[in-house]
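Q: The lines below spell out each chain.
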Amino acid sequence: MLSTLSKEKRSFNVEEIRKDFPILEQQVNGYPLVYLDNAATTQKPNAVIDAISRYYRTINANVHRGAHSLSDAATQEFEAARSTLANFVNSPAPEQIIWTRGTTEAINLIAHCWGRANLAKGDRILVSELEHHSNIVPWQLVCEEKGARVEPVRVNQNGEIDLEDFHRLLDERVRLVSINHVSNVLGSVNPVKTIIDSAHSVGALCVIDGAQAVSHFPVDVQVLNCDFYCFSAHKLFGPTGIGVLWGRKQLLESMPPYQGGGEMIEQVSFSGTTFNGLPYKFEAGTPDIAGAIGFKAAVDYLSVFDRAELEAHEYSLLQYCIELGRAFESIKRIGTSDTQVGVYSFLLDGCHPADVGTLLDQQGIAVRTGHHCAQPLMKVFSIPGTVRASFSIYNTHAEIDRLFAGLEKARKFLQ
Amino acid sequence: MENPFGTNISSQDILESLNFFDDWEQRYSYIIELGRELPPMAEDKKTEKNIVRGCQSQVWLDYEIIDGKVHLQADSDAFIVKGLLGLILAAYNNKTLDQINEFDIDQYFLDLGLEKHLSPIRGNGLKAMVAKIKSFN
Numbered sequence: 001m002l003s004t005l006s007k008e009k010r011s012f013n014v015e016e017i018r019k020d021f022p023i024l025e026q027q028v029n030g031y032p033l034v035y036l037d038n039a040a041t042t043q044k045p046n047a048v049i050d051a052i053s054r055y056y057r058t059i060n061a062n063v064h065r066g067a068h069s070l071s072d073a074a075t076q077e078f079e080a081a082r083s084t085l086a087n088f089v090n091s092p093a094p095e096q097i098i099w100t101r102g103t104t105e106a107i108n109l110i111a112h113c114w115g116r117a118n119l120a121k122g123d124r125i126l127v128s129e130l131e132h133h134s135n136i137v138p139w140q141l142v143c144e145e146k147g148a149r150v151e152p153v154r155v156n157q158n159g160e161i162d163l164e165d166f167h168r169l170l171d172e173r174v175r176l177v178s179i180n181h182v183s184n185v186l187g188s189v190n191p192v193k194t195i196i197d198s199a200h201s202v203g204a205l206c207v208i209d210g211a212q213a214v215s216h217f218p219v220d221v222q223v224l225n226c227d228f229y230c231f232s233a234h235k236l237f238g239p240t241g242i243g244v245l246w247g248r249k250q251l252l253e254s255m256p257p258y259q260g261g262g263e264m265i266e267q268v269s270f271s272g273t274t275f276n277g278l279p280y281k282f283e284a285g286t287p288d289i290a291g292a293i294g295f296k297a298a299v300d301y302l303s304v305f306d307r308a309e310l311e312a313h314e315y316s317l318l319q320y321c322i323e324l325g326r327a328f329e330s331i332k333r334i335g336t337s338d339t340q341v342g343v344y345s346f347l348l349d350g351c352h353p354a355d356v357g358t359l360l361d362q363q364g365i366a367v368r369t370g371h372h373c374a375q376p377l378m379k380v381f382s383i384p385g386t387v388r389a390s391f392s393i394y395n396t397h398a399e400i401d402r403l404f405a406g407l408e409k410a411r412k413f414l415q
Numbered sequence: 416m417e418n419p420f421g422t423n424i425s426s427q428d429i430l431e432s433l434n435f436f437d438d439w440e441q442r443y444s445y446i447i448e449l450g451r452e453l454p455p456m457a458e459d460k461k462t463e464k465n466i467v468r469g470c471q472s473q474v475w476l477d478y479e480i481i482d483g484k485v486h487l488q489a490d491s492d493a494f495i496v497k498g499l500l501g502l503i504l505a506a507y508n509n510k511t512l513d514q515i516n517e518f519d520i521d522q523y524f525l526d527l528g529l530e531k532h533l534s535p536i537r538g539n540g541l542k543a544m545v546a547k548i549k550s551f552n
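Same order as they appear, the protein sequences are chains A and B. Be aware that the first sequence starts at 1, since it is given in this note's numbering, and climbs by one per residue. Be aware that the second sequence starts at 416, since it is given in this note's numbering, and climbs by one per residue.
In case anyone wonders, no lab produced these hints; they're calculated from the structure. Just to be clear, a hint being listed does not mean it is correct.
Simulated restraints, written as ranges between beta carbons of each label pair [unchecked claim]:
hint : chain 1 : residue 1 : chain 2 : residue 2 : range
1    : B       : Thr462    : A       : Thr336    : 44 to 54 Å
2    : A       : Val202    : B       : Lys460    : 32 to 42 Å
3    : B       : Asp459    : A       : Ser316    : 11 to 21 Å
4    : B       : Gln427    : A       : Ser382    : 57 to 67 Å
5    : A       : Gln26     : B       : Phe551    : 41 to 51 Å
6    : B       : Glu479    : A       : Ser53     : 16 to 26 Å
7    : B       : Asn434    : A       : Gln27     : 38 to 48 Å
8    : B       : Ala546    : A       : Tyr31     : 55 to 65 Å
9    : B       : Thr422    : A       : Lys379    : 33 to 43 Å
10   : A       : Asp72     : B       : Ile466    : 50 to 60 Å
11   : A       : Pro376    : B       : Trp439    : 35 to 45 Å
Using 25 Å as the maximum straight-line C-alpha spacing, the simulated DSS-like pairs for lysine-lysine come out as follows [said to hold, decoys possible]:
hint : chain 1 : residue 1 : chain 2 : residue 2
12   : B       : Lys542    : B       : Lys531
13   : B       : Lys460    : A       : Lys332
14   : A       : Lys379    : B       : Lys531
15   : B       : Lys464    : A       : Lys379
16   : B       : Lys464    : A       : Lys412
Glycine included, C-beta positions come from ideal geometry on N, C-alpha and C.
Work the whole structure out from these sequences, hints included.
A: Below, the structure written as structure tokens:
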């Protein structure tokens, strides 16, 4: 971090940033693309596309085992990526960064390795009603196997975690609390620091699903003092198919391996096999080398900016959207927490979200509609789904104008 | 269980109408209008047995086979999907199972320029509904 901080930062200019993302230049259904589905996945800058291409063109080789120069070069870049990601979340050591396929696999890994070794009958795991299915179902699977229980912490009508309910549910039978840092449906930023400290006070571990957080603000795992932190490259301008599980070193060391295969072993024999150390114990098989290098390029790209300037831009987009939404007849905003980033979720009176999405798509505007893999949250609000516009650093105020012009047209069709 | 699709409104009628329009706004207005002509399904028919789940919208499908002809009733919570159900019923309703299986629904949606809506990735339940109708016996 220090090395990047000492360098001159690139000043923020949204038009200049847009030029870094080639996909944004296209027309969709005859209109210039307005991409407002960033909570699903962000677009990739040239720096990432070029890094992946350069890897395959110049140094592609398997890592850690070849006795040749290409393999050395590939290994060096692959491990440099791990160090970059360690710096990115302020991990004490690079080996605490475990490569996974993404946030979902990271959570599954914890459930599989820590959960199966540690959970017992009568134990409880707390999640919130705000969670993505990928932070509910892995826990349900392991709890079913071990006779433990997953319990939801209530969410209020603003889309905020009900801390009173959390404290009511928290007792010494709670072994683990798993909460998202930012809601994928509403963009609410959860009070994770309070939740982590409270979880620790009863001896429970705390997992933070950071998939929707890392692209919006800096994350420091040491300040948070969480036990695990999970996130994906593709929501952070990097490639799909790779993500990170960050874990406390002692915990990772005490956990049994994840999958068996090459790389994760020290010695194999039919009388017994010994396992490799961190991080390789959890990384069986040839890893996503190009993905890791692309991920590094994404983090390096982001690091040249002053994050506060990017945050200010995204904040201004959201405030502008909320303002236009207030003036727009028959819109109902879902999720009205004071601490929100990057997401405007809403319904139009009498209009099904799927229809709104189809009509916006016809106008070149990409949003997400539906339950957003968060059916329990839809139940809290008694709605089948929402329309979700989600922002990133390359979106503009003019695009928000296009969104509302598109909604005006959709409303005429549907109401 | 009567509706105008497959009797008064044929798949050929729909093809001719939709191909007559030259912009998307007219086409989608027409699809939404078609949906309005589809009689709503009684709430007690919207059962677990009749639901075809999509992740973005839901479809309900009920049917009877009378004298070898399939009588379909369908509904959706989304207007555009409901219109698309009308397009499908224009081809399938009041037809024999042989006629249904002979009809090339993918080509029909391609000719209508609406093939993306019949894609399984769309998550609107239409593809699953077509498969369900074809499996009647």
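Q: Confirm or reject each hint.
A: Verification of the hints:
As the Cβ distance of Thr462(B) to Thr336(A) is approximately 36 Å, the hint placing it in 44 to 54 Å is violated. A C-beta distance of roughly 50 Å is found between Val202(A) and Lys460(B), which places it outside the suggested range of 32 to 42 Å. The beta-carbon spacing between Asp459(B) and Ser316(A), approximately 51 Å, falls outside the hinted interval of 11 to 21 Å. Gln427(B) and Ser382(A) have their C-beta atoms about 43 Å apart, which leaves the hinted 57 to 67 Å range violated.
Between Gln26(A) and Phe551(B) the CB atoms are about 43 Å apart, so this pair conforms to the stated range of 41 to 51 Å. For the hinted restraint 16 to 26 Å between Glu479(B) and Ser53(A), the CB-CB distance of approximately 58 Å leaves it violated. In this structure, Asn434(B) and Gln27(A) break the distance hint of 38 to 48 Å, their C-beta atoms being roughly 23 Å apart. Taking 55 to 65 Å as the suggested C-beta distance range, the pair Ala546(B) and Tyr31(A) does not conform, at roughly 33 Å.
At about 40 Å, the beta-carbon gap between Thr422(B) and Lys379(A) stays in the expected band of 33 to 43 Å. Distance hint check for Asp72(A) and Ile466(B): the Cβ-Cβ separation is about 57 Å, which falls inside the suggested range of 50 to 60 Å. Take Pro376(A) and Trp439(B): their Cβ atoms lie about 36 Å apart, and the range 35 to 45 Å holds. Under the criterion of a C-alpha separation no larger than 25 Å, the hint pairing Lys542(B) with Lys531(B) is consistent with the structure, at around 11 Å.
Taken as a hint, the Lys460(B) and Lys332(A) pair is broken in the structure, with Cα atoms around 30 Å apart against an allowance of 25 Å. With a C-alpha separation of about 29 Å, the suggested pair Lys379(A) and Lys531(B) falls outside the 25 Å cut-off, and the hint is violated. A distance of roughly 22 Å separates the Cα atoms of Lys464(B) and Lys379(A); the hinted pair therefore holds under the 25 Å criterion. The straight-line distance between the Cα atoms of Lys464(B) and Lys412(A) is roughly 34 Å, outside the 25 Å bound, and the hint therefore fails.
In the structure shown, a violation is registered for the earlier hints numbered 1, 2, 3, 4, 6, 7, 8, 13, 14, 16, in ascending order.
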